[in-house]
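**Q** The residues making up each chain are set out below.
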Amino acid sequence: MCYLSRIKAVLGLGRLFHQTRSLMWFFAFFIIVFNTFPANTFPVGPSPTSQPFHLSLLNLIPAANAATGVNGVSRSDWLLPKVAPSPENNKMDKKKAELGKMLFFDPRLSGDGRTSCATCHDPALGWSDGLTTATGHNGIRLPRATLSIVNVGFNKILMWDGRNIQLEEQAIEPIFNPVEMNNTEQNLLKTLRSIPGYVKAFKEAYWGLGVSSNRVARSLAMYQRQVVSVNSPFAKWIRGNESAMTESQKRGFEVFIDTNRGNCITCHRPPNFMDNGFHNIGLLSFKNKKPDLGRFSQKKVNMTKGAFRTPTLWNIAETAPYFHDGSAKNLRQVLNHYISGGKTRTNLSPNMKVLRLKPEEQKDLIAFLNALTGEIDQKLTQFTLPR
Amino acid sequence: MKHGIFAPGLIAILIAGTVFAFFTSASANAREHIIGQANLQFSVPLKVIKPGDRVTFVNNDSVVHNIISQTAGLQFDLGVFEPGMQKSVSFNQKNGVVDVECTVHPNMKLTLFIF
Ligand SMILES: [Cu+2]
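Line by line, the protein sequences are chains A and B.
For the first sequence, this note's numbering gives the first residue as 1, with consecutive numbering after it.
For the second sequence, this note's numbering gives the first residue as 1, with consecutive numbering after it.
FYI, nobody ran anything at the bench for these hints, they're computed from the structure.
Take the hints with a grain of salt, since some may be wrong.
Said to hold, decoys possible - Listed next, the stretches of chain A that the computed footprint assigns to chain B, with coverage defined by at least 3 CB atoms under 8 Å from CB atoms of chain B: (1) 101-113; (2) 154-162; (3) 271-278; (4) 296-309.
All C-beta atoms in this analysis are idealised placements derived from N, C-alpha and C, irrespective of residue type, glycine included.
Let the sequences and hints guide you as you build the complete structure.
**A** Below, the structure is given as structure tokens:
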């Protein structure tokens with residue numbers, strides 16, 4: 001638990017400030033000094049005298065519109081490392097990650113010993129489950145589709161409704177969730193401690209320390225950070241291999257980033273084809289009597305009603321059906337949805353618009369989405385469960 | 001925060017600055033502060049204002065935002081915030097710290113200090 005609070009504390013200035021008021025006041029003290037001096041007291045680059053200090057700062061913000069239009073996006077914006085970055089207190093480590101791999105595939109983590117993470121996040125099904133919405137413990141139908149964990153390590157906010165921030169914090173939840181793996185902490189620890197292979201693996205990975213749910217979470221998080229799509233035609237193309245994408249796929253990319261045509265870039269942004277944002281894209285299911293309100297469950301503001309977190313599009317061709325309710329059977333249906341501009345207008349995101357795409361442009365766009373399918377390191381699916 | 005940063009010299013500057021700030025603020029009227037939104041970020045992460053000041057938010061981004069504060073007593077919701085629009089909030093209230101965020105992009109955060 002102490003570990004969790006520490007993660008929260010290092011999540012960045014914003015969060016730190018929200019928590020450590022005293023530090024904040026100290027900063028404020030410094031800033032009031034800065035704010036009250038006339039603009040030219042501390043010259044910061046060229047600042048036209050007619051503008052107040054803060055306005056000149058505004059002008060210095062580079063690339064205000066970097067993600068708009070065909071010309072604003074450069075290929076290198078989409079470059080990603082082969083492994084997602086890890087937080088300071090859970091640095092990538094081979095032994096910990098290997099342990100995470102065993103845990104990810106081990107059904108003994110669940111209450112009845114039958115469900116592992118990989119049951120729902122199946123590498124053979126794009127690290128998802130191929131279902132409309134997930135099937136949980138005892139065959140219960142869960143309300144939302146399983147998110148793929150491909151490139152999940154690059155996301156700054158997790159789950160369809162953003163209820164988790166960090167993988168370390170998320171990883172333990174499905175294990176204790178009664179409708180997912182339905183285990184208890186006590187039983188999880190008892191099981192793992194009764195398996196000598198695990199006791200040894202934890203000791204080796206964690207400086208002689210034994211099994212704990214905290215370390216289970218850390219290893220699972222670390223393992224998932226390695227699940228990164230590489231060598232897709234698009235990934236090769238952004239690295240300068242001109243022939244990696246077909247002409248149709250290249251045209252599809254132009255449609256994707258053109259705010260006047262595909263407009264996809266508005267939400268599916270570089271580098272991970274997502275914006276860590278929440279949008280109501282007007283799915284039919286929002287017309288239901290009691291619709292899934294999505295982000296609203298976490299943040300009670302009008303705008304979040306029916307809004308869901310933008311998912312990545314890397315390896316997207318492998319994870320049909322699509323959307324949080326599984327309502328689109330294939331990418332064609334996804335595109336038809338976007339062309340309509342949203343089928344439910346209530347609380348529709350103002351970033352959605354009716355698209356006027358020529359049939360060839362539609363074909364090109366789908367071809368482009370198929371160019372996002374890359375490989376995942378084979379070693380990540382090779383394991384033997386400890387005894 | 002390392003202690004080295006708060007060297008005595010700096011503290012002296014801070015004190016001098018505050019004295020200066022005190023005198024200048026006495027004569028200053030309500031001001032307008034402009035805060036931009038671009039690339040899913042506010043133009044500054046924090047800003048100090050005085051009671052009575054006005055903060056004008058400008059959306060120079062290419063996407064819609066929704067700027068709100070849920071800080072008790074200092075709530076506001078600027079609603080759908082289209083690119084190119086600007087909207088203002090006046091802070092006539094007492095001193096306080098306001099946590100401002102975008103509900104569309106929760107990583108967009110801004111802290112306002114009212115002194
Ligand atoms: Cu926003």
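**Q** Next, verify each hint and record whether it holds.
**A** Okay, the hints, checked on the actual structure:
{"no.": "1", "hint": "101-113", "result": "violated (count 0)"}
{"no.": "2", "hint": "154-162", "result": "holds (count 3)"}
{"no.": "3", "hint": "271-278", "result": "holds (count 4)"}
{"no.": "4", "hint": "296-309", "result": "holds (count 6)"}
The structure is inconsistent with hint 1 alone, although it conforms to all the rest.
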